[in-house]
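S.K.: Listed below, chain by chain, are the residues.
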Amino acid sequence: MVEDLSVRLKAYEGRPAVLGGRGKDPVNSPMIRHWCEAMGDTNPAYTGPDAVAPPAMLQVWTMGGLSGHETRSPAYDELLALLDGAGCTSVVATDCEQEYLRALRPGDEITFDSVIESVSERKTTRLGTGYFVTTRMDVRVGEELVGTHRFRILKYAPAHAPRTPSSGTPLSGTPSHRTPSSTASPPRERPRRPRPVVNRDNAGFWEGISQHRLLIQRCADCATLRLPWLPGCNACGTAAWDTVEASGEGVVYSYVVMHHPPFPAFDPPYAVGLVELAEGVRMVSNVIGVPCDKVRIGLPVRLEFVRCDEELELPVFRAAEEGVVSA
Amino acid sequence: MRVGTGDVIPPLEIEITRTLVVAGAIASRDYQDVHHDPELARRRGSPDVFMNILTTNGLVGRYVTDHFGPDAVLRKVAIRLGAPNYPGDTMVLTGTVEATDGASVTVKVVGDNGVGRHVTGTVTLTLGEAG
Numbered sequence: 001m002v003e004d005l006s007v008r009l010k011a012y013e014g015r016p017a018v019l020g021g022r023g024k025d026p027v028n029s030p031m032i033r034h035w036c037e038a039m040g041d042t043n044p045a046y047t048g049p050d051a052v053a054p055p056a057m058l059q060v061w062t063m064g065g066l067s068g069h070e071t072r073s074p075a076y077d078e079l080l081a082l083l084d085g086a087g088c089t090s091v092v093a094t095d096c097e098q099e100y101l102r103a104l105r106p107g108d109e110i111t112f113d114s115v116i117e118s119v120s121e122r123k124t125t126r127l128g129t130g131y132f133v134t135t136r137m138d139v140r141v142g143e144e145l146v147g148t149h150r151f152r153i154l155k156y157a158p159a160h161a162p163r164t165p166s167s168g169t170p171l172s173g174t175p176s177h178r179t180p181s182s183t184a185s186p187p188r189e190r191p192r193r194p195r196p197v198v199n200r201d202n203a204g205f206w207e208g209i210s211q212h213r214l215l216i217q218r219c220a221d222c223a224t225l226r227l228p229w230l231p232g233c234n235a236c237g238t239a240a241w242d243t244v245e246a247s248g249e250g251v252v253y254s255y256v257v258m259h260h261p262p263f264p265a266f267d268p269p270y271a272v273g274l275v276e277l278a279e280g281v282r283m284v285s286n287v288i289g290v291p292c293d294k295v296r297i298g299l300p301v302r303l304e305f306v307r308c309d310e311e312l313e314l315p316v317f318r319a320a321e322e323g324v325v326s327a
Numbered sequence: 001m002r003v004g005t006g007d008v009i010p011p012l013e014i015e016i017t018r019t020l021v022v023a024g025a026i027a028s029r030d031y032q033d034v035h036h037d038p039e040l041a042r043r044r045g046s047p048d049v050f051m052n053i054l055t056t057n058g059l060v061g062r063y064v065t066d067h068f069g070p071d072a073v074l075r076k077v078a079i080r081l082g083a084p085n086y087p088g089d090t091m092v093l094t095g096t097v098e099a100t101d102g103a104s105v106t107v108k109v110v111g112d113n114g115v116g117r118h119v120t121g122t123v124t125l126t127l128g129e130a131g
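Those protein sequences? They're chains A and B, same order as listed. Under the UniProt record's numbering, the first sequence has 268 at position 268, and the numbering climbs by one with no breaks. Under the UniProt record's numbering, the second sequence has 128 at position 128, and the numbering climbs by one with no breaks.
With the rest of the complex left out, here is chain A:
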């Protein structure tokens, strides 16, 4: 499988990453000033009537900013999706090589094209195992090539969670984040969460979930509530039952934080709670909406439904906001 993936990844070398990119703004003095202020760069070459842009801003003129770019090629999206699908959902920029052929001046209109220059073999690094993807961008003003920008990222499956920097020890992991593509468009072949086992005994529960209702079984005889669903009542043995709908309010009764092992469809660390519903029954699901080291026994949570993919929706529990004035 690994060999097969390497071959598929190699096929992307030489294909475009960005076609017909266009800088959102011409080279301009305000952006230069903001950059120089942030960098603490007081070089007089970057101010005054004959100002040039700091050469290291080359990439800045090509950035999509908050609203993003739409010129990324399908080939590059596919490549990133393949890597996401292989579990390499984290990304970190590792290398940047720029060559400046001529100074950029306010008014210069930037265009750029980028090519997937290389995809490495599978590498195991301190951060985790993954692939280095190198792109090379040609930056132009009109027909003139004004600079080149080679950028290397590592797309990887994290080996382990980082320790805090305050410990003074070298990090065993490093910050990672997903590429915008992994959230913007559902990548193909991303590992899917395990499917629940749905059978005659619990089909009603999942039917309820599909309607955004969390249904609790109630014994028709002694009225004992039960969750998860079972064929008969644990209290009196009666097989007859009906349901009540959970209000959705609950508190964390107990919890664990999953760091390891990293299952493909999951993104550790994450908190798994045993939540006691207001109705008195308990249920296991993810606790979201709060850093996992802030999950506590007694934390108020509220039911929410999360769509994992086109066919799976799951009930989870979001930490209820504190300090909100209640009605």
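The set of hints was computed from the structure by calculation and includes no laboratory data. Cβ atoms here follow ideal geometry from the backbone N, Cα and C, with glycine treated the same way. Everything hinted at is true.
So these bits of chain A aren't anywhere near chain B, every CB distance computed over 10 Å:
1) Lys10
2) Val119
3) Arg140
4) Val141
5) Phe205
6) Gly208
7) Gln211
8) Ala239
9) Met258
10) Val281
11) Val284
12) Arg296
13) Ile297
14) Gly298
15) Val316
If we take Cβ atoms under 8 Å as the criterion, some of the chain B residues that face chain A in the derived model are:
16) Asp30
17) Glu39
18) Gly45
19) Asn57
20) Pro70
21) Leu74
22) Arg75
23) Ile79
Following the hints, complete the assembly by docking chain B onto the known chain A.
M.R.: Relative to the frame of chain A, chain B by itself:
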């Protein structure tokens, strides 16, 4: 300016503040949440926000041109990142002239922080007429 192989550029200490990390990210139009949102950075497995590569690139460029003066022109900057720059840390940039060729100078730059080596870089510049 007389420049020779082996010349050492005086170190530059850069305090990694939250403001620097965020200002650098926004000035470089890099809105990845790990560079400005501590909570999301933590959720993604990082203890805090951390400096983006464009800021590191800019600081390396600034370090070299600060030393060689406004007539120096950057021709190439190539950097490789290692340990992240987190707020509260200090990065110390140091540089050594690796080669000279006429007006062209190649400088090896490293930046170390409390975690380890943040950046290793090679900067090529040409010195102005004054050089």
